[in-house]
Structures are given as C-alpha cells and as structure tokens.
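There are 2 protein chains.
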Amino acid sequence: MPADPHTAVATVCLSGALEDKLAAAATAGFDGIEIFEPDLVASPMSPGEVRLRCADLGLSIDLYQPFRDLDSTDDDRLAANHRRAQHKFDVMRALGTDTVLVCSSVASDAVADPDRLAGQLADLADRAAERGLRLAYEALAWGRHVDTWEASWDVVRRADHPALGLCLDSFHVLSRTSEIDGIAAIPGEKIFFLQLADAPVLSMDVLQWSRHHRLFPGQGGFDLPRFLAAVLDAGYAGPLSLEVFNDVFRQADPVRTAVDGHRSLLALAEATAAGGTGTDPVGGPAPAVEGTAFVEIATGGEDPALDHALTALGFARTGHHLTKPVDRWEQGRARVLVNRAEGPAAAISALAVESADPPAAARRAARLGAPCLARAHGPAEADLPAVTAPDGTALFFCRPGVDSDWSGDFRTTRSAAAGLGVTAVDHVGLAQPFDHFDEATLFYRAVLGLQPGTAGEFAAPFGLVRSRALADPARRVRLALTVSLLRRGEWAPGIPEPQYIALAVDDVVAAARAARAAGAPLLGIPDNYYEDLAARVDLPSDRLAAYRELGVLHDQGPGGAYLQVCTEVLAGRIFVALVQRVGDDDGYGWTDTPVRMSAHRRQRLARRALTPG
Amino acid sequence: MPADPHTAVATVCLSGALEDKLAAAATAGFDGIEIFEPDLVASPMSPGEVRLRCADLGLSIDLYQPFRDLDSTDDDRLAANHRRAQHKFDVMRALGTDTVLVCSSVASDAVADPDRLAGQLADLADRAAERGLRLAYEALAWGRHVDTWEASWDVVRRADHPALGLCLDSFHVLSRTSEIDGIAAIPGEKIFFLQLADAPVLSMDVLQWSRHHRLFPGQGGFDLPRFLAAVLDAGYAGPLSLEVFNDVFRQADPVRTAVDGHRSLLALAEATAAGGTGTDPVGGPAPAVEGTAFVEIATGGEDPALDHALTALGFARTGHHLTKPVDRWEQGRARVLVNRAEGPAAAISALAVESADPPAAARRAARLGAPCLARAHGPAEADLPAVTAPDGTALFFCRPGVDSDWSGDFRTTRSAAAGLGVTAVDHVGLAQPFDHFDEATLFYRAVLGLQPGTAGEFAAPFGLVRSRALADPARRVRLALTVSLLRRGEWAPGIPEPQYIALAVDDVVAAARAARAAGAPLLGIPDNYYEDLAARVDLPSDRLAAYRELGVLHDQGPGGAYLQVCTEVLAGRIFVALVQRVGDDDGYGWTDTPVRMSAHRRQRLARRALTPG
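Line by line, the protein sequences are chains R and H.
The first sequence begins at 801 in my numbering and counts up one residue at a time.
The second sequence begins at 801 in my numbering and counts up one residue at a time.
Hints were generated in silico from the structure; no laboratory data involved.
Each hint should be verified, as a subset may be incorrect.
Note: identical chains are not told apart, hence a pair may lie in one copy or across any two.
[As the list claims (entries may be wrong)] Dumping the calculated DMTMM-like pairs for lysine to aspartate or glutamate here, alpha-carbon to alpha-carbon at most 20 Å:
{"no.": "1", "residue 1": "LYS990", "residue 2": "ASP915"}
{"no.": "2", "residue 1": "LYS888", "residue 2": "GLU837"}
{"no.": "3", "residue 1": "LYS888", "residue 2": "ASP1338"}
{"no.": "4", "residue 1": "LYS888", "residue 2": "ASP1327"}
{"no.": "5", "residue 1": "LYS1124", "residue 2": "GLU1181"}
{"no.": "6", "residue 1": "LYS990", "residue 2": "ASP1033"}
Working from the sequences, and respecting the hints, build out all of it.
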C-alpha cells in the first residue's frame, strides 16, 4: 500500500492572483502551500481570510517566505530588519503558519563572521520562539557569505537554537555541488523545510538560472532522487514542497501547472523509494511497454487521399470497427487506425502501447494525475483503459499482439499483405502545443516509464524548435516530441506543425521506390540538399542518385545513419516517414528537420495556390 | 549631404524561407546579403536562380557563410575538409559571390600551432584564389584555439596570403574583450568583412549568448560606435553587415525585422560619425525634444466615464477640433486630446512631442525608415509631420508651447482651470505588443534621440514583464515601455495590458484627495500593501494612513521616492496616474507595478461581473 507524502507547492510556482493559486493547488491534490510574500501583498484578502480560504480548501500553510537580508554589520540596519521581522511575525500569526524562510543575505552589509551571524540569527529565533514561530535558514546559491548548504548548516549548528533550523532547497544545493552525502548526517529535526526544484544543466549566472529556468522534478538534469534520499536519511519528515521559478509556468494555466507539479512530486517519491529510501506513493514501477499496438489518425471525415497514400505505402485495410467509422490498416506489425468520424482533424488522435499489465498501467496513470478518458463502447467491445496526454492525445494500454483485446472490436475483412517492407512503427512524432513541452516529457516519462533523451534545439525556417525523444530501454516504444519555442504573433506560417508516424523499413530506397511506383505522394527534397550532402558525406554516386531521385534524407550520426523518406502532409496535419536505421543509430533525423519543414511548407503553399477561392 | 554605407544583412537574421528573406531585405533597403548556408540548402532555388533573384531585387551577395572546422591535425580529415570546400567554392561561383566566411575551428582536431594553422589556411586560400575567391577568417568567441580577434589576426598575418583576410564580428570581439583599439592598426585591406551585432550584457555561456540573444546595434549593451570607429580607422571600406541570431527575430515578420535592422545600421553609422569617424547617413543629430505637446486617447466613441474622470482629475475641456470629433482637455502644461471617432479603442493613439525643429525631426524619422503617417486634414488645419511607431502609436512633431501649430485646429471654448495641481505630463506608459520591444526601444532612441535606461524585469501576476524607460537628458520627455515576456496560450487574462498617462503633481496626497472628492475613480490598493510598506519604510503614521486611504503607491528608491495614485482602467484600456517625484527620484514605480496590475485585474473582473450578460 503506497504511503502519501505531504506535498506542498509555493504560490510563486503558479500564475494568477493568490486566489487562483490556492484553488489550483487544492484542485491538483496538494496538501499544503508556501505563501510567497508578494502574492499576499498584492491580495485583497487579509491574512486571516487567507487562513480561512486555505482551511476551506484543505490546504495547510506550511511556510511563509521569503525573509531577506536579516543579518547586518550595521546596527541601525539590523534594528530596522528586526522591526521588519516583527511585522512579518504578526502576519504569520494571522495566517496561522509557524515557519518562515530566512535567506542568507546578499547585501553589502551581510555578516561574514559565522559566530556573529549565528548570534544575530539566534536573537531573531528568540523573538520568533516567543510567538511560537521558527526560522528556516537557507543558503542562497548567490548569498554573499553563506552560499552552500554546508555554510548554512555551520551557522545553524553554531547558533544551536531550537527555533532555528535549515531550509534545504535542491536548486541552491545542486546548482553548486554534487557533494550531498553529508546531508544525511544532519539531525533530521534541524531540517525545518525542504524545497524541491529541478533545472536543466546550464552554464549561466546562477541567479538568472534560478529565477527563470527551474523545472519540476524529473523535467531537468538534477539527480533529485539522490538528493531526496539524503534528506530523508537525515530523518526529515516534513513536507515535500515545490519551489519553481519558471518563465513559462508563471504565465500558464495554474491548474494545469499544479497538476504537472503534483505529478512530479509523486514520481520523485516513487523514484526515491525505488532506490531504497522513503515510501512509494504511486504503487510500483511502470509495467514494461512491449510495442506500439496502434496509432490512430483522426481525419474529421472521409479522406480518400489518405486511404490512397496508405495503400501506396503498402498498407492493407484489414478491418472495420464494429460500431464506429474506424478502419484498421496493417503492414507487418504496424497498425494504423483511421477514424473518419466527423469533427476537427486531430492528426494523431490516439496512441496505444502494448503493456505487460494494462490495468496496472492505467491505475498507475490515474495515481499520477493523468485524466481518465471515458470512451463510449458497445457491450461486446473492449473497454480499453485510456488516459489523455497533455497534448490531447489519447493513450491506450493494450495487451501485446495482434489478437489483443482491442482487435476484437474490428470485423476482419482481409489479412495484411506483404506490403513494401514496413516491419513496425518506429516511433510517432508529436508536435506539442505551446508551453506544455516539459509537462509532456514528464507525463510520458512518469506514466509510461519511458526515459527521455537529451533535449535538443534546432533552427527551423520559422523559429527555433525544441526536441526531445523518449524511449523504453529496449527501444520498443519511441516518441519524438517537438515544440516551437516562441512561435506567436501574426507572422507564424505553418502552425500547427504536422505530426507523423515513422515506419521501420530495412531498405528505405527499395521501399520508397515501391511506394512511389504505387503513387505515394513522396515529399520532394531540393537538389541543394544533395549537393551539400555530397560535400559532407562521401557516398557512392549511385546511392546519392537514388537519394536524390526519391527524396531520401540522410542524417549521419556518430554510430550510424538515420535515413528517411517522408510523404507530403496528408489529412491536414500528418505525414508518414519510412525510416531505415543504419548501424547503431538511435536518432530521429533532427538535423534534417529544417529541410523537411521547408519542403512541407512549400507543399502546403503550393496546395493552397491550387485550391480555388 | 549624408553618405550611405553599403548595408547588408545575413539571411540568418530573418524568419522564413530564403525567398521571404531576400524579399524582406530588399524591401527594407539593404544593399546586400550574406547567404547563410542552411537557408540555401533548404531552398528549391538553385544557386544560379538565387543569383538572378538577388539581381532582380537589387541585392549583392556579399558573403557565403559559414565554412566550419577547416583546419585539422588529421590529414584524412583535412583532405575531406578540402573536398568539402571545393564543393562550396562551386556553389559560390554559381551564386556569384567571392568571399566565404571561415570560422576558427571548434573541433577536437583543430590545429593549435599558429604557423601550421596559417599554412593550412594559405593552402585553401590558394585553391580559392585559383577561382577568384577569397577567405575571410573569423575567430569564434568559443573557438578551440583561436578565440580572439588578436589570435585570428596573428594567423592571417603569418599566412600573408592575398586571398586570406579577416572577418571581424562585433559579437565575437566584444563578448570577449573591450581591448579593441589595436584593430585600427590592422591594414584595412586585410579586413575582408565586418559583421555587426549588439547584445545585452549577460553572464552566461558565450555560445548560448551568441546563438539566442544577439540584438541589432543600439538594442543591447555593447559600445558599437567605438568598435565601428576602430574598424573604419583601419581603412575598412566594405559592407556594414548584420549577423544577429535572436530567438524572437527568428520567428517574427521578416520585413519588419529587416526594417528594424536597417534602421539600426543607419543609427550606428550616425553615432559613429558623431564621434568623428565615417559619414552620417541620417543627416545630423535629432533635434532636441522640449516637452510633450499632447497625448491623444482614442475612445472609439462617446465615453462619458472618461470625460467624468478627466473632469474629476482637474482637467478642463478647453476646445473642440474644427472638423473632427476630438476634444482638447488641459491642466497646467498637460494636454490630453480625446478622440471620439467611431472605431476600435486604441488607448494612447498618438503622442506629440515638442521639437526644436519639427520638419527636420520628421525628415530624420523618414531617413530612419519610420513609416510616414498620412492624416486627413482640412485646408486651414495644420499639416503636422507624423510617423507611426512600432506599436502603432502615431508620433507627431510640434513646435513648443500651447500656441503651437496644432492648437489652431481647435476652437477654444474656455481656458484651463487651476485644476488640482497637475503641472505637466510626466511620461506615458506604452505596453508594447509581443516581439516588438527591442524594436520599439531602438525606434524611440533613434527617431527621438531619447536615451534608454537600464532594462528591467519584474514578476507580474500573470507572467514576467520586461520594462525599459527612455528619456531625454533634461527629462522633458519620458516614455515607459513594458512588454509581457511570454504571455500566450489560453490562460492569458488581462491582455492587452492597459497603457497610461502619468501626470506630474507636487503633492500627490493633496491631489488624490481633491480628485477623490470630485468623484475620480481611484484604484483601491489592498491593506496588505500598506502593512508591508510599514515594515519596509519608516513612514509617519499620518502619512501612511493617508496613503492607505487614497491608494498611494510608494516606491522607495536610492535617491528619493516615486509616489503615485492610479485611476481604475478607463476607456477600455487606459488609466491615469498622478505622480509625485520626491528627492532625486528618476524612476517609474516598477516595484509597485505587480500590485497595481493585480488591483486593475480585480477591478476589471468586478466590472465584468456587474455587466449584464
């Protein structure tokens, strides 16, 4: 039986006014919050009203923060700071919270001598204790004299005051050091508070890094399970609280951000428990994924051009859904459903993974806050467990094999043909909506147990694109996520970007030649690309000629090459790629993506020019 | 008579496909372009077709770029690099360009020994010279061995080859050093090419800084006039070419970006000429601004609430326009025009500055690519020179004084009253549309001769906001620009942000009290703000009580304080602030902006709740 940690979130993580933030935290399932002072200052709710609102929402107020620049070498300044603290203690009493975060000072009058600093902190701890309050002292990574967890612990130890303890913030610690084993030796009762944040590994000014680029645990590059294990080993039993300053989260829907953050804490606790420390609130690791059961395309209506393209690509229409306007197409182990229901074309509307334990996978997804997908189904039809991914894609969990639970919903009209050599779905490419890229990565990582690869970035014709692939260790399920970094404003052609299905073939030239002969609408690639390829890679001339003839893109990687041929954009927002991996290639052809995007853009413009009116 | 430099822009600066970029460069008035290789590779136009297209557009192809990682300690690799270069030389011949940019190598096999490196470059220069081509060698700031302009010049000097010269890029130079006086001693004929880019002063990995954050000259923090002067002093007479990698420009309308970039080169040449080097293509410094002649609000129709508010704020309606539905309101030297023409409410639709020489100011603006504003006016009415700013605000140039050219268009109905102590317009606050913030800063700087202050950033309730103020040295005209950094997506309340007119008063408490007594809709500020203010600033209790009563915001700066009282949002998208500057205050109250924004958001929500339907 999983045990739930006490989860909390700092109001600064979320967008909106204080009331928006409190409601979002409660909706997402947090147990408590940290009140970030500027959120309170801008609020018309009095501290007492905030206390009541939180109680109504079932939220404890776990921390008031931050109190900055307390210590001073200037006596007048120190007196003014004490006066300021007294005001804040009154606010805390009215809020009904007992712990205040005190940051190490960044001011020019900060105290350098650790004993003098400890004395000043102990003095304030005396005042706090008189009111039943306590101070959690935190080393800012850019503090003037105290900027490491060791230095903050040294000061707290010297002060030796029961109302003075530590606040440990994973960003401040891990942005400076990986020496964290010593944390486990701190007496647990002296760790008053724990703030958790991830971040991408960047080489930049640490203050800017902290204020703009923090991420929820599991979205960045820090080893947070190791950090949390050290803190739990010390005996810390307080809240696991998120403090994430992120430019995107600051302006995104706060409920959505809160759900994402809550998921990150559960996944972190699970990962830490998997390492042997703490308890797992999710309930066991993700069941293994064993392949892609099917990919569904929603066409929004009849789409003869898509049917023609699938046929030309070697697919056979092998069945019809018993009750819905859905066709099943097959080739090798690749299965594509075409959903012709009237409505908006959604490109890839559903992805089904073959799971070693579909019900367990679905329960796990629900524990991780994945929205359950209710689908109408007939009495004899399979009730496949399904959730909705952040980009709106439906995610089904199926038993492995073509005779799986879902296949019974289809009346088989013929068997799959040999086709042109497609063996399976290599991966799907899901262009993500704005601002949900990190959320999507965490979602697929936590819910499916996929491992994210290195985040990439490339200059596309109409702006920068971020990319990140996820795959299971055996490479049976792969996802390629992309997002436009800044696309907005009036000059934004080609939105939304198409999504795609990449199909594995053993010989891309042969497959593409057969597809073209059958009339598949293959995407034309400019001659300039092949001139450049010839300059970069020493290819046999007949091979280069075949590439040029068929539009093969050749991404030369360190251990092999990723070869692909793409179709034109079909069904409004989708294309199909035939993919051959040469050698140890584990890539996704990102290098060629700008060329591919330009070609698709031209194709769409040409089509628009041909469309009357 | 100003002399025009040969201006060029790298295609990488602009968004779109190659044909979009070429068209944009020509439209903006550039004389030439640099072809960025990936733009050509993705293009269906052959090099010969690109050559013809450029000729049709009146653009010279000044540079092909980049050629990377030429030199090598590995003979096979070097041979492959030479082979690659031969391919590119063929491309250049077809393009009809004679200069290729060769970057210092970042590869692990880069040559460290300067003589060996010079020998390899000379070898390639031999091959280039055989075809009438030449190499411009550039030190990347993150080159493996060659990463300063001095090191690149040392290698070029050692090679001593007529077809090998330098490319100087202001970013690569100024991101590493301010020691640039020695550039003037380089023989001018050895500087083959000059690339210009500005950048904000950031502390981060120089490659990331370069690839994402470059700006056009005058938009960042580099001393580009000094840099350009050194290069011109060396005798360089080639193109002034922009190479700017910027996340925003990469996805913005390329014509707009190109116009912005072209303006930046003209303004840079002018500033350099003002320092004594080169020629001024703009034609003399900006005539002095002597004050704000008027601010126009477009209400889109009758707006009794605005009329009532202006009256309560002490304004008198002193006249009506002879032919248009425009009223003139006055108080002290503050003049507000209310334009009731039917149409979309545009908040601040026009700003008129008092100029020492309006016709000269307008000519100068036109030289800088400011779109001329054609306004219908009657035969007896003033034909005020006007241009359109990047945010759509009309910008008029008027003679100083209330009896100026423009005032004759109004029938005076009464004289201005004493009002409640407003003396003048302190500044206007212009919330900028997405992606045009840096463009706007450069526009107002170049066209009006205002000096930008330090760029700021603050956490507003619904996302980060960037801010930048501009003012003339005598502080007679001030502008406060803001922009939401990332606001997009569905969760985006409060867009567009209101704009405002800040009115100078000598006693904000007295003025606010009088305004409130007259029924002005002053904005309510939460008690929490005053609790926090009391904790931060030791104010007399009666003063604090008055602030609380009237909603005064108090931003304590180092040399004084900025006190303001704001109205609610009026006319859909505008508010008025009464501003008292205490001591040497030169600020804009940014610290209080999040509180003000939250209060306006509440006011707008409450108004919506009260509106039936």
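With identical chains treated as interchangeable, where does the CA-CA distance between LYS888 and GLU837 reach 20 Å or less: within a copy, between copies, both, or neither? Close inside one copy (9 Å), not across copies (59 Å); limit 20 Å.
Copy assignment of LYS888 with ASP1327, given that the CA separation must stay at most 20 Å: Between. Shortest inter-copy distance 14 Å satisfies the 20 Å Cα cut-off; intra-copy 69 Å does not.
Checking LYS990 and ASP1033: alpha-carbon separation at most 20 Å within a copy, between copies, both or neither? Cα proximity of LYS990 and ASP1033: one copy only (13 Å, versus 65 Å across).
How do LYS1124 and GLU1181 come out at 20 Å by Cα distance, when the copy is not named: within, between, both, or neither? Within one copy only: 11 Å inside a chain, 71 Å across chains, cut-off 20 Å.
Within, between, both or neither: how does the pair LYS888, ASP1338 come out at a Cα-Cα threshold of 20 Å? So LYS888 and ASP1338 pass the 20 Å test across copies only (15 Å; inside, 70 Å).
As a check of your reading, is LYS990 near ASP915 (CA-CA no more than 20 Å) within one copy, between copies, both or neither? The answer is within: 18 Å in one copy meets 20 Å, while 62 Å across copies does not.
Consistency note: the structure conflicts with none of the earlier hints.
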